[in-house]
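**Student:** Using the sequences and the hints, build the whole thing.
The opening position of the sequence shown corresponds to residue 1 in our numbering, with each subsequent residue numbered one higher.
Be aware that one or more of the hints could be misleading.
Using 30 Å as the maximum straight-line C-alpha spacing, the simulated DSSO-like pairs for lysine-lysine come out as follows [unchecked claim]:
hint: 1; residue 1: LYS114; residue 2: LYS171
hint: 2; residue 1: LYS87; residue 2: LYS97
hint: 3; residue 1: LYS114; residue 2: LYS87
hint: 4; residue 1: LYS114; residue 2: LYS97
hint: 5; residue 1: LYS97; residue 2: LYS171
hint: 6; residue 1: LYS171; residue 2: LYS87
Beta-carbon label-pair distances, calculated as ranges [said to hold, decoys possible]:
hint: 7; residue 1: ALA11; residue 2: ARG31; range: 18 to 24 Å
hint: 8; residue 1: GLY136; residue 2: GLY9; range: 21 to 27 Å
hint: 9; residue 1: LYS114; residue 2: SER5; range: 31 to 37 Å
hint: 10; residue 1: TYR7; residue 2: GLU125; range: 20 to 26 Å
hint: 11; residue 1: ILE138; residue 2: VAL163; range: 37 to 43 Å
hint: 12; residue 1: ALA158; residue 2: ARG31; range: 34 to 40 Å
hint: 13; residue 1: GLY6; residue 2: ALA158; range: 21 to 27 Å
Source of the hints: derived by calculation from the structure; they are not laboratory data.
As the structure is a computational prediction, the values presented were derived from the model and not from experiment.
C-beta atoms are modelled at their ideal positions from N, C-alpha and C, and glycine is treated no differently.
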Amino acid sequence: MNLLSGYMGLALRNPLIATASALTDELGTLRALEDHGAAAVVLPSLFEEQLRAERAAEEHRHALPASGCAEAQTHFPAYPPSADGAKICLRSVQRAKTALDIPIIASLNCLSPKCRAENAVRIAEAGADALELNLGAIPAAPELPGREVEQACVQAVAAVRAVVRIPVAVKIGP
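**Tutor:** Written out as structure tokens, the structure is:
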């Protein structure tokens, strides 16, 4: 039986794609998914909110030690380096790409154009075969015409397509 399929220009041996979930968060599970027939995997999303929270925590961490009094520095706890969601995401892409023989699709959920463009480029450079772009912003103004919401989505996709050469799929929220 021939199950060869295509998705976003990627050649797949069948139409089974493991989507972003707890199952696609660990390399061992990704290998098992491939061994059990998954033809591609979508890694968990990198969220702009996550990146903002990490940046705020890092700024707060650096503001805590007493300034100007070297002795007072020992009274404050030593904080471990904060997590870096972008680096973790990029390492996941790189490890999956090295370990698996199926396409790796990264997922990005950013609201700001700058975050979308910067991280789309970083994900492509990390070796992702494709990018799933999540556009889940819910318009806060009920009077906003649907055409404007649609145009914002089109502009977001065009901006990402302008900076990456890998295939891009778009998920649009409610």
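**Student:** If a hint holds in the structure, say so; if it doesn't, say that too.
**Tutor:** Right, here's what the structure says about each hint:
1. With a CA separation close to 19 Å, the supplied pair LYS114 and LYS171 stays within the 30 Å bound.
2. Of the supplied pair hints, the one linking LYS87 and LYS97 holds, its CA atoms being roughly 15 Å apart against a limit of 30 Å.
3. Simply put, LYS114 and LYS87 have alpha-carbon atoms about 17 Å apart, close enough for the 30 Å limit, and the pair holds.
4. Note on LYS114 and LYS97: the hinted pairing holds, with a Cα-Cα distance of about 26 Å set against a maximum of 30 Å.
5. For a cut-off of 30 Å, the pair hint linking LYS97 to LYS171 stands: about 23 Å separates their Cα positions.
6. Taken as a hint, the LYS171 and LYS87 pair is honoured in the structure, with Cα atoms around 23 Å apart against an allowance of 30 Å.
7. For ALA11 and ARG31, the Cβ-Cβ distance of about 20 Å falls inside the hinted range of 18 to 24 Å, so the restraint holds.
8. Between GLY136 and GLY9, the C-beta spacing of about 24 Å keeps the proposed range 21 to 27 Å intact.
9. Between LYS114 and SER5 the CB atoms are about 35 Å apart, so this pair conforms to the stated range of 31 to 37 Å.
10. Between TYR7 and GLU125 the beta carbons are some 22 Å apart, a value that agrees with the proposed interval 20 to 26 Å.
11. At about 25 Å, the beta-carbon gap between ILE138 and VAL163 misses the expected band of 37 to 43 Å.
12. Range check, ALA158 to ARG31: about 36 Å between beta-carbon atoms, so the 34 to 40 Å window is met.
13. A hinted range of 21 to 27 Å for the beta carbons of GLY6 and ALA158 is consistent with their spacing of about 23 Å.
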